[in-house]
Amino acid sequence: MDIPAWQYGVSMIGYIVLLLIVVSIMRKHYKFAHWFWIASLLTFPLWLMGGVEGWFRWAKILSVILPTIFVGFIRIANYEKRKGPFWNGLQKDWVLWFVYGVLFLNIMEATIKDFTMGNTFNALTGLLLCITIPFAPKYWKISTESHGDLIAYTTIGWNFLYTTWNAAFVYAESPKFFASSLCILLAAELYPIIKRRPELYIIARVYTLAAHLLLRACFVNLFPTLMDASSWYNADVMNYWGIINFIMIVPFVFWHMWQLHTGKAEISFRRGRPEVN
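According to our numbering, the sequence shown is numbered sequentially starting from 8.
Since the hints were derived computationally from the structure, they do not count as laboratory data. One or more hints might be untrue.
With a straight-line cut-off of 35 Å between C-alpha atoms, the simulated DSBU-like cross-links for lysine-lysine are [claimed, not checked]:
(1) 67 / 148
(2) 88 / 145
(3) 67 / 183
(4) 99 / 271
(5) 38 / 145
(6) 148 / 88
(7) 67 / 99
(8) 99 / 145
(9) 202 / 183
(10) 120 / 145
(11) 271 / 148
(12) 183 / 120
(13) 90 / 202
(14) 99 / 183
(15) 271 / 202
Please model the entire structure based on the sequences and the hints provided.
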C-alpha cells in the first residue's frame with residue numbers, strides 16, 4: 008500500500024499520544040480500568056470473525072487480556088484493602104509471582120516464534136530478557152499509595168532492551184503491523200520517562216499492549232489502512248537488528264548478575280527513590 012510519509016507521521020504520533028492518555032486514565036481510574044477490560048471480552052465474536060488468526064495471535068491476545076483483567080482485581084484488592092477470603096487471597100505474594108510469570112510467558116511466546124522464524128540472535132536476546140526480569144516479589148509490588156499501581160523495578164537498561172528486542176521481533180513476524188506496534192512500544196517507553204519513574208514501565212506496557220491487541224482484533228483493517236509498514240521490511244535489517252540486540256544484552260546480563268551477587272541490586276534496581284504519584 009502506497010502511504011505518504013506525512014500520513015505515517017500524523018497517524019503514528021496521534022496513536023502514541025492516544026496510548027499515553029489511555030495509560031494515564033487506566034492508572035488513575037483503576038475501577039474504570041477493571042470494568043473496561045472485563046467488558047472487552049464482549050468483543051470476542053469479532054475476534055472469531057478474522058481479527059485473530061493463528062496460534063501465536065490467539066495465545067498473545069488471551070495471555071494479555073485475561074491477565075490485564077486479573078491485574079484489575081489485584082489493584083482493587085490491595086489499594087482498597089478489601090476483606091473476605093477472595094480479596095484477602097489477592098493481597099498475597101503469589102499474585103506478584105503470577106504477574107511475573109505472565110511477563111515471562113509473553114516474552115517466551117515471542118522468543119519461540121523468533122526461533123521458528125530463524126531469528127536466532129533475537130530469540131537468544133529474548134531468553135536473556137527472561138533471565139534478567141527482576142525477581143518477584145522482592146522487586147514487584149502493588150502500590151497502596153498511588154491508585155494501586157503495579158510496580159515492577161525493572162531498570163532503564165532492561166526497559167530499553169525489551170523495547171528494541173520486541174520491535175525487532177514484530178519487524179520480522181508481521182511487517183504490516185510494525186509501525187503500529189512501534190507506537191505501543193514507544194508509548195510504554197515514553198510514559199515512565201515522562202513520569203521519571205522507570206518502575207511504571209510494566210504497567211504502561213500492560214495497558215498499551217492490551218489496548219492495541221483489542222483494537223487490532225476488533226478493527227482488522229484499521230492499522231494496515233493508516234500505517235501499513237510492509238514496504239519497510241528488509242531481511243538484512245532484520246538479521247543485523249537481532250545481532251545488535253544480542254550484542255547489547257550480553258554485557259547487561261553480566262551487570263545484572265553482578266548487582267545481585269554484590270547486593271547492590273536493592274539500590275540500582277529501586278534507585279533508592281520513595282514512591283510518588
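Now the hints, each set against the structure:
no. : hint      : result
1   : 67 / 148  : 24 Å, holds
2   : 88 / 145  : 20 Å, holds
3   : 67 / 183  : 17 Å, holds
4   : 99 / 271  : 26 Å, holds
5   : 38 / 145  : 26 Å, holds
6   : 148 / 88  : 14 Å, holds
7   : 67 / 99   : 26 Å, holds
8   : 99 / 145  : 13 Å, holds
9   : 202 / 183 : 31 Å, holds
10  : 120 / 145 : 30 Å, holds
11  : 271 / 148 : 19 Å, holds
12  : 183 / 120 : 17 Å, holds
13  : 90 / 202  : 32 Å, holds
14  : 99 / 183  : 42 Å, violated
15  : 271 / 202 : 24 Å, holds
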